[in-house]
Amino acid sequence: MKNHAQLSQEFNANEPRVNWHDETLWWVRQKRDKAANTLPEWEQLREAASSIKYHTLSNLNDYLQQFEANAEQNGVTVHWAADAKEHNEIVHRILAAEGVNRIVKSKSMLTEECHLNPYLAEKGIDVIDTDLGERIVQLADEPPSHIVLPCIHKKKEEIGELFHEHLGTAKGEADPQVLTAAARVHLREKFLTRRAAITGVNFAIAETGEFVVCTNEGNADMGAHLADVHIACMGIEKLIPQRRHLSIYLRLLARSATGQPVTTYSSHFRRPRAGQQMHIVLVDNGRSTQLGREEFRNSLKCIRCGACMNTCPVYRRSGGHSYHTAIAGPIGAILAPNLDMKQYADLPFASTLCGSCSNVCPVKIDIHDQLYKWRQVLMKDGQGGAAKGLSMKAMNFTLSSPGVYRTAGKAGRWFLRNVPFVVNNPLNPWYKQRDMPEAPKQSFGEWYQQNRKK
Amino acid sequence: MRVGLFIPCYVDQFYPNAGIATLQLLEKLGVEVVYPANQTCCGQPMANSGFEHLTEGCNRLFVDQFAGFDYIVSPSGSCVLHVKDHLHLHDREQEAEQVRTKVYEITAFLTDILQVTALPGRFPHKVGLHQSCHGQRGLHLSAMSELVAPKFSKPLQLLNMVEGIELIPLKREDECCGFGGTFCVTEEAVSVKMGKDRVSDHLENGAQFITGTDMSCLMHMEGILRRRNSQVKVMHITEILNAGS
Ligand code: SF4
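Protein chains in written order, with full-length UniProt numbering: chain A, 1 to 454; chain B, 1 to 245.
Be a bit skeptical, because a hint or two may be false.
[To be verified] Listed next, the in silico BS3-like pairs over lysine-lysine satisfying Cα-Cα at most 25 Å (straight line):
| # | chain 1 | residue 1 | chain 2 | residue 2 |
| --- | --- | --- | --- | --- |
| 1 | A | Lys364 | A | Lys31 |
| 2 | A | Lys34 | B | Lys151 |
| 3 | A | Lys156 | A | Lys31 |
| 4 | B | Lys151 | A | Lys31 |
| 5 | A | Lys34 | B | Lys171 |
| 6 | A | Lys393 | B | Lys84 |
To be clear, the hints were calculated from the coordinates, so they are not data collected in a lab.
Could you put together the complete structure from these sequences and hints?
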């Protein structure tokens, strides 16, 4: 299993591609800046959004029960899943009961997190992702690389190639308009013929038992409105207490994500239409564990806007797949170790702690501080390995003793000046693409002794 | 006013000139400055690697050296931020707290405490300012492009007092350079790419010098510049503020 550093080294083998990836996402970040700056009350909105989520998380148990009762009253069937496995089984059970073996799905990062597609495929159920970006990565047999822009790592020529192969467009066709039109025809047929639709949930409202799904393509609506069975899958943290709180999040979500004032479709679902079944699956999958970790609790405020990824200088230059988890980028790096400390021990280190993520986050998650805190937790837990522990102990020894420090410093500089090949060699990762600093004859301490000490 | 001068380990060993400029600048402004001889390092390299639990020796030494000064001043936003946020001593927490509240990054000390309005320096060159993340976002040395908030910059305010200086604009005003402590070696590929991009932004806008409040970011960019045989130099902000006077 390759770690983030290895995967991003591979990504960096093609520098023009890195430049393109970086510039595309920076462009989105700039659109976000412009949109945020149109609202003088932007920072108050963030504060309000953060406080409401804090309150909700502190009373999650009550709000979940309230939501369940109201949803049931609306005629919706509510299911509870402790983990990914249970989530997948519940979805399968609902589909099997109706004898459905072909479904449409709108984009849902939760189903990615639970690996629903491969699970259903194994059970003989065909899933078509209907979000255009998601459909593209599905055809490429890849996971999404970004939570809002799933195929941001693909160029239009590559998409043209995929469509030629799978949807029969002309070879070499790379015009986005032509490709989108082809996808439209292809997807329309699926919407019209499939009897069950899965959607995600952006916000669920405890007060009314309703839920809201935000898309720019309207594909969630198409799926849900045409299907006999609508299954909505949501993490338990998606809850907000009241309808009146929704406007705050809708104003923040799209501006943070793409710079739009609001998503093109913000669809409210409350009760099934006559003859339709509506199910909601409430999924924990590690969320209550994270809720119990005081230092990391705030990560559950996330509304999945993707702004932290667009702004992250590391994400922009390493690509989403380098994070080897469903949710990439800074937020993914604080969510993933909660699920598996060993497998994701590298992710909190895939950051310079520059803090830009925390500043763009519309719900004010202290992302970079949590990255720092995860490092402490992981190393204390022994995830750094014995060698790292030993070298840190040696560093501690040197730095705790002024005499040892001065001797070591002198030796270090003497080596740099006189035998540069000792450090200037390919095994030194600093030297690979950077020169070493020139070693001065005197340290500051030595200069001070000579020039200022009476 | 007695100020304890905190010169971070890598500045002490590799960039003594930044330390000397800091000292001279403070002396010129009439401050009594003392450099406690037994200081080593703030412990950040260990803490950022996830070994904060091994920093007790460093913390103790730091408190020994610096408790009792009116202010502690340092030419490194990153080390100051580490001290401010993470320096604790379970048995001497009161002294530790004093250290945490009295430690200042040099440019903030000049603008906020000394409230300087004029500087003696002269530096007739084109200069690009790299805003280091820990100073900017951590210590709020300047406004951040992500926030909807009034614009300000303590380092720029000071640089503008220098005679003859020409400050160049940047395409991305506050993007990280990719140094990131041990990140620069554990994530070598991304770190270097970020550094190259940051350097290019300065070069394309005609900088002759790249300056900043953190020598570590400058060391990283210097490594990249020198590998390219570029004539562009890096210089700590105190060296410019103290230049030619
Ligand atoms: S952590 Fe914040 S910025 Fe990142 S996706 Fe979640 S809400 Fe958006």
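Hints the structure fails to honour: none
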